[in-house]
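A.B. asks: Note that the protein sequences, when read in sequence, are chains R and Y. Counting the first sequence from 1 gives a position; the working numbering is that position plus 84. Counting the second sequence from 1 gives a position; the working numbering is that position plus 3.
No lab work stands behind these hints: they were computed from the structure. Keep in mind that this is a model prediction, so the values were computed, not measured. Some hints could be false.
To be verified - Pairs of lysine-lysine residues, derived as DSBU-like cross-links and limited to a Cα-Cα distance of at most 30 Å, are as follows:
no. : chain 1 : residue 1 : chain 2 : residue 2
1   : R       : K698      : Y       : K328
2   : Y       : K479      : R       : K416
3   : Y       : K483      : R       : K416
4   : R       : K698      : Y       : K341
5   : Y       : K501      : R       : K330
6   : R       : K698      : Y       : K479
7   : Y       : K364      : R       : K312
8   : Y       : K501      : R       : K684
9   : Y       : K479      : R       : K684
10  : Y       : K483      : R       : K133
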Amino acid sequence: MILISTKQGGANSESSTLTFNASTGLQQLARKLPLLNAAQYVELENIFKQNRNQPIPNYRVLEPLLYDVNGKPRYDTDWQEESFRDAITQNYNLNYSGKLNKNKYLVNFGYQNDEGILLNTGAKNYRARLNYDSEIKSWLNSSINFSFTQQNLNLGTQALRAMSEIIPIIPLQYPDGTLSRNSDHAFSPNGQDHPVNILNNRLDQRQQSYGLGNAVFNVKFSPVLEFKTSISAQGRFQRNDAYIGKTLTAGIADNGRATINSRRNFNWQSSNYLTYRKTFAQKHSLEGLLGAEWLGAQIDAYAVDARGFSDDFYGTNNLGVATQSLIPTSDKFGYNTNSYFSRFNYNFKQKYYLTATTRVDGSSRFGENNKYALFPSAAIAWVLSEEDFLKSREWISFLKLRLSIGQTGNSEFGNYQYLSSLGAMVEGPRPGVNFPVSAIFNGIRFSGVVPANVPNNNLQWEKATQTDIGIDISLFRDKIKLTADWYRKKTDNLLYQAPLPNHSGFSNVTSNIGSIQNSGYEFGLNTLNIDKAFHWNTTFNVAFNRNKVLALGVNNEDVLIGGNTNQQNTNILRVNEPLGAFYGYIRQGIWGTAETDLAKTFGRQPGDPKLFDKNGDGTITPDDRTIIGNGYPKSEGSFINNFSYKGWGVFVDLQFVYGNDIYNLTKYTTEERVGTNVYTYALDAWTPENQGSNRRKIGSTAPTGLFDTYYVEDGSFLRGRNISLSYNFPRALTNKIKLQSLRLSAGLQNAFLITKYSGYDPEAGTFSNPFTQGVEFYQYPKNRLVNFGLNITL
Amino acid sequence: MKKVILFILFTLTLSSCDKFLEAEPENFFTTENYYTKPEHAESALNAVYAFTRSFYIPSGSTSQAAYLMLELPTGQARRVSAPINNQVFTDLTYDAQSYYALVWWKYAYKGIAAANVVLKYVPGITMNEQRKKQILGEARFLRAWYYFNLVRIFGDVVKITEPTPDATNVYFGRSSLKSIYEEIIVPDLTAAELSGLPETDQTGRVSTLAIKSLLAKVYLTMAGFPLNQNDKYSLAKQKAGEVISSGKYSLFATYEQLRNPSNDNKGENIFMVQFASGIEDFILNKFMVPRNVAITVDRGAQNGDSLRPDDAFYASFSSQDLRKKDNQFFYTSYLEYKSTRILTFADGPRIFKFFDENAEKNNAGRSGKAFPLIRYADVLLTYAEAQTKADGAPNALSYTSINLVKQRAQLSSISNQNATQFIDEVLIERNKELCFENQTWFDMVRTRKVYDVKANRMADFIGYTFPYSNSTFTVKLTDKNLFFPVPSSEIDANPLLKPNNAGY
């Protein structure tokens, strides 16, 4: 892949440059998960039935499609093999820039087509951009930008879980062409279609259009006074299309079901700055700035849902042929923000720096008394290398000490939360499915409304106060550059959808729930190791961050979070503990045969998970849960090396993350169930002969889904993020073929991964909730990409 | 320079008018500016009705509904292995984290919250006074129904009678089950009785006789465990008697009529949860069709076999009992979809009670059938039980009542029984007649008796071992099963709910 950076127009008074980049690549699944094959699956199911004293049905007779005359499974399907593919990626970029008198221009077109590694998935991107800068008068400059991006995605999300869960004994289709499904085997849970059927017959598409226009005018009233105004308008249009085909179990009853969700977002923004700059006596540099900013946003959305199609051909493209539809929904809302700010900069001989700023931010999202908030900040810096006592020391080229402290605000949460709104829909008992609060009388719908949220008129801006102390050093003529920072960021009035007891009629409320703190160190080291014909430089970044909760609610009461799978809480906010720490039971192992009597007092049998009775009351209740993991790493960073020799270049980018845990909830459904396929680890389950196992007995009747330490894994890893090789053809050669430059490259992304984590990839995080980070549940797998690039400049 | 400053001042003043940050929502009303018109009163009431559906619709991708929580632990449903939410209730290994309990808790309170909104805001609306009074009566009935479910499922629960004003005034502990009955359920129903609603209703709304029927059930429950208020038997007898003597209801002649969606809200159906095909589909019919037998369009692939009768329960119906015959309450074979071939189920009977023939044949199983909450057979048996308990011996009307139910099942009538025999007859009849209608579990906990399907007699709740137990795998009712656990996520959000019910 080739990254495109904004190119300024050419330097000559009348010149132009044309650059063309092309790259292509091949993507593959980086890591396959170990799922049971047909023989292993049948074995597991039989063990389950024996352990539960259930008869093993005569499948030879009952399911002749799946079992042969000897009672052996006829098929052995590897669903990962069937659903993943080698995918091609392509990326093209054309850049034309130049200068004409006092005008500079740049035109850019891009096209990207990435096939996804899942069948029928992929992303296409179309980009166009125009920049035009002019000096209209000696005192007036303008800069105008337009850009447009179109993105079309085919997602296939629904296939991910099916891929792990569909049993291996069913085929893609039967000899007569009928599609198979999990339920063809009577022991399986209902309904699931196999992933290939989903990928072929279930549309899951997202299209996004994004357009931006921006004009900036810069007026120089005098050498010291300047006024800059910027006006921008941007529109974003997003449309999600889904079609569930008639061959899918989920589509049979509906006879094909199409849904379209559309959302339109329009923003305008006006920013204005007045700047005063002056240097007195060649020592004192002063800069003063006053500014004001307005932003308005309007969003509207609608959704339609139609069912009953004579043919899957139509998809979502002609809803008029449907025979039934649900009530369409629509929505409209908006918000405005308004800010005033001032900034004062002073430096003495570029040795001592002082900055002070003040912002007043206002947002329509807050109630009458809390719309505006004040955010001051200040910073000082001392460039020691400019001092006489260091200036003479040649090996120090630059040395700067920095200190800053400042506040920023956040208002990113839903709109109108301080009002008591009435809505026609609430969250339904089936997670993710809305429930219309309308009544039905005589087979006809009668509309209803209920209060949709608890009003919170005390909502106010979230405020973060950050202190930073840093040092920048350059040694030996910049051959070694080091940046080191210590910081502490304290966030007060944290905005969050805090859970409410359901007897209030509501599940949560947007509120300022408390204070948290992030603090740590960051180091950046750049070294130029060899700078001859052979060139080698190294960049090393590492960050150590710690976070914790400082205060919660009124009495520092715990806030439990989760409910993503099986509706159980997985994370907790607790004072003095890391943000969203993993919460659950401690698994001490599996009850052994020798412990039969003790297990019985807990209502358990040998082979059941042995959970720690934390409060010692002789029974396992939710009070025995405790903090069992932290989703945030102790340290993370990258180690990048660049080598070049006579046009050849080698780039090696290693990424590391250390000390974080992952709450692998996928394990909960992929090891402790039967009827769906599971990981081969299940074969190592506890048996009277395998007492040491940490995996519950197959068919154990102990409650499943009491999340415990068994699901917590070490998430540390080292990844070869990018390794690439390039060659720049020599000038002499390119000149002959009338090119300014010609470059070829080849690269390998996600080249290798070293980790103990058992899932697809340790860079996990399935849920958007900021406090359930590091929780994985059927994550999209990571790919490995080999790519080749060509770069031509005319 | 002056011009510049003027220009900037102009820009600032132009936009900094106070209105800029005023939010004016265009897509919703707020509690403050709504509740002004008669239509608003109706829309607030409609929401109270809406939540009656929430327990009978899917609560997971397939095969899951809160309804099952009250069927699977009766021992009368067949053991299933998946999904996990169903398995724990058939194995009685459910705990405070089991999802269905949360659905009952959460959506009962959503219904109660909607009713509290009606009771607070509708009185202030200028409208037809008679209709206003009815609306308040309907809301009171529904609020009582939601609370009645809560106390029967959880015991002590939180008492909420006002809309939640803000996020701080929500942390309360649980009130005693007794006070919920005496301060909410009974007063709400007695007030609703006088709200001028019509005696019957065929559209799916609350009627005066539905209120009396529910009141009879409430009194009968109060007379049983754990309150044991014996004086309530005569009140139950009185209310059920009023429904019977009104002459407005009668049993359908056939079970086909009982099943037929065109008879919803009519005949013996006193109050039901409403559904409409293509609008809000009934789903439980799909839960009960067999899987991998081609009698339905999708071979039951989505939701089939989520609920099946246990073999021993099916066997407990005598061979004369019409309900046991195919295509009555159960079936063991059926016509292949779009064909005339008869397919026999290789592995046992399924429930036919909620089968919607027309929907299966012509509408891919999408049914609009309403689900019965109170039907006349229940009222007849309620009368028979309450009267016998109140008076010490069954009277003629009690015999007539139980015999009407028996006769329809082609069973012989009973007569000349002592009170104990008669009560057992009534309870067994309730088990058979009202099976899979979310009644059996509540009968079990209020009487602390279970229908022992193998011995064909009533047995004690505590210690009853389910018929599908064996020497290595035992499923047995104990004290802890008398109430379901308060969901742990509720206790997480509000520790004042502690302690949880005994055993959790």
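A.B. asks: Against this structure, judge whether each hint is valid.
C.D. replies: Verification of the hints:
no.	hint	in the structure
1	R/K698 to Y/K328	violated (54 Å)
2	Y/K479 to R/K416	violated (55 Å)
3	Y/K483 to R/K416	violated (50 Å)
4	R/K698 to Y/K341	violated (60 Å)
5	Y/K501 to R/K330	violated (49 Å)
6	R/K698 to Y/K479	holds (28 Å)
7	Y/K364 to R/K312	violated (72 Å)
8	Y/K501 to R/K684	holds (26 Å)
9	Y/K479 to R/K684	holds (15 Å)
10	Y/K483 to R/K133	holds (28 Å)
The structure shown violates the earlier hints numbered 1, 2, 3, 4, 5, 7.
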